[in-house]
Structure formats: C-alpha cells, structure tokens
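Undergrad: So the chains spell out like this:
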Amino acid sequence: EAQVTQNPRYLITVTGKKLTVTCSQNMNHEYMSWYRQDPGLGLRQIYYSMNVEVTDKGDVPEGYKVSRKEKRNFPLILESPSPNQTSLYFCASSGRLAPVLNEQFFGPGTRLTVL
Amino acid sequence: TQLLEQSPQFLSIQEGENLTVYCNSSSVFSSLQWYRQEPGEGPVLLVTVVTGGEVKKLKRLTFQFGDARKDSSLHITAAQPGDTGLYLCADGGSNYKLTFGKGTLLTVNP
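Read top to bottom, the protein sequences are chains A and B.
All letters in the first sequence, in the order written, are residues 1 to 115 by the working numbering.
All letters in the second sequence, in the order written, are residues 116 to 225 by the working numbering.
No wet-lab data here; the hints were simulated from the structure.
There may be inaccurate statements among the hints.
[Claimed, not checked] Using 27 Å as the maximum straight-line C-alpha spacing, the simulated DSS-like pairs for lysine-lysine come out as follows:
id, chain 1, residue 1, chain 2, residue 2
1, A, 57, B, 217
2, B, 174, B, 185
3, B, 217, A, 65
4, A, 65, A, 17
5, A, 57, A, 18
6, A, 18, A, 69
7, A, 57, B, 185
8, A, 65, A, 18
9, A, 57, A, 71
Just so we're clear, the structure is a prediction, and the values are computed from it rather than from any experiment.
Modelling step: build the complete structure from the supplied sequences, incorporating the hints.
TA: This is how it looks when you write it as structure tokens:
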C-alpha cells in the first residue's frame, strides 16, 4: 500500500531534550516536506526537499533541522525543543520535481507536546 | 507574501443541505488544490484546478476556479455526515512550496 508513515504518532517531551520525528514514504517520490498545523494558523511549511541531499527552508524553519540522505526518508529534528513547538506535525511527499500539479500525500501526523 | 483567505471559518449544517465554501487569494494562483482533512488524519487531495473558469465535479462536490484565478469555490450538494472535515485550499506557488489557507471546518449533523 502506497503510504507515508510517521513515528511516533504522539510524543510528550521536556524543553531542551533533542528529538527526531521520522518520516518514510514507499512511493519513490522525489519531493518531501514537513508542515506544522496550529489552531488559527493553519498548515505552515517547515522544510522541504526536492531530492536526496537537497533541502530548503519553508515558512517557519526556526528551531528545526532536516536531512535527506535517502530518497524514502526525511526526518525532522528538534535539537532543543521549546514549548512553542508544541503542535501537530505532518510529513508529505509528492512525485516528480514539480508538485504544483501533483498530489501531495500526507502522513497521519505526529502530535508533539513540549513541556 | 501570498495570503489565502477561506470562508466561512466554521460551518455547521444538517444532512441534506447544500453549502458553498470559498478560497480567495491576494495574488493569482499558480494552481489551486482542495484538500479534505478528517479528524486525526492528514489532508487528502480532492482536486487540482489550473485554468481560469475551470469547473470540476467529484460526485456531489463541484469546484470552480475564478476567471482571474484569484478565487475558488467548493459547493457540496446534499451534504452527508461523511463530508464532515476541514476543507483546505492550497496554492502550488513557486519553488515547490504549497501555501495553505486556514481552512473551513464543516460539520454535517445527521
């Protein structure tokens, strides 16, 4: 089954404790992206990657890091999480290098709480 | 920076009613996508529109793209409880970014 998987689905952590949210897709998509979703603010893009070893900032990249060492994986790293990073996070992927006309497939989401 | 405005923000209706939600942009859309997000899940693409004036139908859902490509509407006929969800519009933009509106939260009551 074609899908985007994220782990963990739920995470409660404390300020400053490094964490990684994994994202994996099995559709051989070139394009992957991370979003956060907050009430009243909608979905905002954090980082995206057009292919292996190619990443770029989205609208809200501060406090986050990403890497794209393999085509299928795109982990999101919070080196020193803070309470304002409490949010619902989505990973998405898309085929071909121009997702403008392509469907973005979203993972099920990771609900992160930083105390 | 492009701004996408969706209205209404919330909509609660009875099963069988018709409804329309709107998406307006401060600038011309590169292309426009409509997604539906059900509780506890990620958004799922409903449709992509590209050409000004384009109309697409998906069963009881009708999507319209404005002639000037700065606005779009989603009309649902005879809404059902299964239509409940957050409806998001998004612009393909440039540099492989999607810009989302804040969404319309639709509740269809049995």
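Undergrad: Can you name, in rising order, the numbers of the hints this structure does not satisfy?
TA: none
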